[in-house]
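Colleague: Could you build the full structure based on these sequences and the hints that come with them?
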Amino acid sequence: MISIDPSLLAQNLVNGVFTGLLYSLVALGLALIFGVMDIINFAHGDFVMVGAYLTYVLATTFLIEPSLTAFITMPIFFLLGIVIYKLIIEKVLGAEPLIQIAVTVGLLMVLRNLALMIFHAEPKGVPFTIFTQPIVLGPITIASSRLAAGIVSLVALGLVHLLLTRTKWGIAVRATADDREVAELMGINVKKVYAVTFGLGTALTALAAALIMTFSRADPYLGLLYGLLSWVIVAMGGLGGVVGVLFSGLIIGIIEALGITIVGAGARELFIYLTFFFVLWFRPRGLFGRR
Amino acid sequence: MSLLTEAQTKTTAIIIVAIVIIAIIAGAAYYLSQKPAQTVTVTQTQTVTQTASPTTTTSPTQTVTPPKIKEIKIGLIEPLTGAHAVFGQEAKQAAELIIDVINNELGGIKNLGGAKLKLVVADAGETPEQAKLAAEKLVAQEHPPIILGAYISRMTAAVAEVTEREKIILVMDGLVDSLTEQGWKYVFRAAPKASAHGKSAVDFVVEMAKKKNLTIKKAAVIHEDSIFGTYVAQGAIKELVKYGIDYMAEAYPYDISDATPIVSKLMDYNPDVVISVPYFHDGVLIAKTIKEMGFHPMFIAGAGACGYTDPDSIKAAGEAVEWYTNTYSYNPARPTEWNKKIVKMFEERYGKLPTEAAGIIFYSLMVVKEALEKAAELHPEDPLNPDNLREAFLSLDLTDNNSIAAQLYPTGHIKFAPNGDNIYAGTAILQVINGEPHVVWPDPEPGIQPVFPRPDWPGAKG
Chain A
1 MISIDPSLLA
11 QNLVNGVFTG
21 LLYSLVALGL
31 ALIFGVMDII
41 NFAHGDFVMV
51 GAYLTYVLAT
61 TFLIEPSLTA
71 FITMPIFFLL
81 GIVIYKLIIE
91 KVLGAEPLIQ
101 IAVTVGLLMV
111 LRNLALMIFH
121 AEPKGVPFTI
131 FTQPIVLGPI
141 TIASSRLAAG
151 IVSLVALGLV
161 HLLLTRTKWG
171 IAVRATADDR
181 EVAELMGINV
191 KKVYAVTFGL
201 GTALTALAAA
211 LIMTFSRADP
221 YLGLLYGLLS
231 WVIVAMGGLG
241 GVVGVLFSGL
251 IIGIIEALGI
261 TIVGAGAREL
271 FIYLTFFFVL
281 WFRPRGLFGR
291 R
Chain B
1 MSLLTEAQTK
11 TTAIIIVAIV
21 IIAIIAGAAY
31 YLSQKPAQTV
41 TVTQTQTVTQ
51 TASPTTTTSP
61 TQTVTPPKIK
71 EIKIGLIEPL
81 TGAHAVFGQE
91 AKQAAELIID
101 VINNELGGIK
111 NLGGAKLKLV
121 VADAGETPEQ
131 AKLAAEKLVA
141 QEHPPIILGA
151 YISRMTAAVA
161 EVTEREKIIL
171 VMDGLVDSLT
181 EQGWKYVFRA
191 APKASAHGKS
201 AVDFVVEMAK
211 KKNLTIKKAA
221 VIHEDSIFGT
231 YVAQGAIKEL
241 VKYGIDYMAE
251 AYPYDISDAT
261 PIVSKLMDYN
271 PDVVISVPYF
281 HDGVLIAKTI
291 KEMGFHPMFI
301 AGAGACGYTD
311 PDSIKAAGEA
321 VEWYTNTYSY
331 NPARPTEWNK
341 KIVKMFEERY
351 GKLPTEAAGI
361 IFYSLMVVKE
371 ALEKAAELHP
381 EDPLNPDNLR
391 EAFLSLDLTD
401 NNSIAAQLYP
411 TGHIKFAPNG
421 DNIYAGTAIL
431 QVINGEPHVV
441 WPDPEPGIQP
451 VFPRPDWPGA
461 KG
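Chain order of the listed sequences is A and B. So for the first sequence, the numbering used here puts the first residue at 1; every next one is plus one. So for the second sequence, the numbering used here puts the first residue at 1; every next one is plus one.
Treat the hints with caution; some may be incorrect.
Some chain A residues well away from chain B (every beta-carbon gap over 10 Å; in silico) [what the hints assert, rightly or not]:
hint	residue
1	62
2	94
3	95
Okay, the calculated bits of chain B under chain A, using three or more residues with CB under 8 Å as the criterion [unchecked claim]:
hint	stretch
4	255-267
5	282-291
6	314-322
Hints are computed from structural coordinates only; laboratory data are not their basis. Predicted, not measured: the structure shown is a model, and the values here were computed from it. Note that CB positions come from ideal geometry on N, CA and C, so glycine has one too.
Modeller: Dropping the structure here:
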């Protein structure tokens, strides 16, 4: 497998870009919650899993195109996020990291085992979608579901970026992230900022899940996959906001696709974590980390 | 425009710790969840009284039995609770049915004066440790000379540690090849091992291609990288090499998030056939991606009994798995007298069709009966001695004409090699046709023909 066809390389570069954009979207909610609230949410990937099941249930019950269920699941998840924040997260704000870890790991276990109990280990998927035809550009074939997922992800990242930089609420969020006490003194309702941030971060996982369900399936262990990936992307991005998440998601997606092409799919995780270690080795604060 | 300003070194450290913890959890979960869906291990313990030949056995000549045996305990160690309970419970149902058939319809073990079999059951739980403990307890309390079990291969290995030490015959329904590569003396496996699944998938496509005057020049083998998936793939590759077919092989972790890079690689290689060994969930992703990328090979054959053709996968993947096949250790549609009869009895008693977990027990337990008959014939003085039983198992040569066991087996032929594996091991093949799974090979269901090549293959005529 030493000689590699350039068109195969180009093909997988394209594959990697679209997957990477989706990875960025998956990680965005986590970056937001961690960046603003300093909470280590281990259950993040499992929100994606729950979102995937919800998409499955809605799409197959009402026969809706899976990607469109996001219009229903995002508001539900926004509220779910706020409820979870009020019930669980608020109590451990500012607590020892170990306690925060215990709480969110507990949440992860509850979600995962609920899924196992309700849906068992069998894969659940939506057997229909509007994305069935590939887009062929010369030697490159693009799966339309990945193209759609990539574009929607990019738009979502852009909107969140604008929200944070161009709105009053965004300024309040960033102020809170910078210094909670000073923000509070300035009259910002920090509790409210936190609740909305957690809700938004959770709603974004529902969007990602709806996009994933156009080409993949829901299973109880999906959370493991996306949870870990999100953490790597957030750490690599160096908490550099939306831009950091975007770039490190793209890097992971491309490295993964090229690694599979050049070496083999068996070592997929090896490439991801080697990249992660190299980045942190040379830039301990991440790609976009600030002093 | 970073979201966070302070204490970054600390937070980075926390993130790294967090990732390490998640990685550990992920690793543990992966280990615990290894291939739950597919290997079916069924253990049955049977106590056996001696009997004679496996053929229509001669009536019990009473001169044969100095120690009068009235009842033989047969042990069954299966995962009756936990993640794999669905398989273990079905295996238990199958064992109870077959024991009833042997005792009532067949008159027990004829060469042992009609001695009855008594099923003694233990729960293997979900870990090798639990399985081993169950085996220890069952052996200590019931002393069965023969045990069946334990579906999940690593749990079967744990049970074998006990049965080898205690010199008890273990008839295994775990499918990983290595179970018969440990030098164990008292283990037997009628079921097709993992590599036999891969071999059958290739044999099927080669036979079909020949029938339709098509040539397979290149094949691609993609498989999830668990021990089971790797053995299945190796079996397929060995067979491809035998037929002189060029191949590429690609292993991938079963929890892969996107299959486009793998499918792109397949399209670049452009094989005539794809042999795919999915874990379960990944099958949905791969089938959907192949369809969406517009990849149309001559045929796509699954191997390893997991995914593609089971009702859940068909429901999840929809049209994407149409015409996919997969290999199974049992053929409920095999048109032999006893297979039809047992399937009907199972349906009447339990209200469902037997799947692989039950099927393996059907023939494994019938093999036990034949072995007991044989042991009584060869060693009437001590038929239940482990070495005499072993000799009896090894001397069996069961075919459709001389045994019920072979009638229940996909290839209709069971003969054990010294390592305990069936020399004539093979699987049945199911294909999704119009959204329904049908047995298409080697003995197709009535009125069903395999669809080969795929109608969407550009080379397919009409």
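Colleague: Now tell me if each hint is right for this structure.
Modeller: So, going through the hints one by one against the coordinates:
no.: 1; hint: 62; result: 16 Å, holds
no.: 2; hint: 94; result: 13 Å, holds
no.: 3; hint: 95; result: 13 Å, holds
no.: 4; hint: 255-267; result: holds (count 10)
no.: 5; hint: 282-291; result: holds (count 6)
no.: 6; hint: 314-322; result: holds (count 6)
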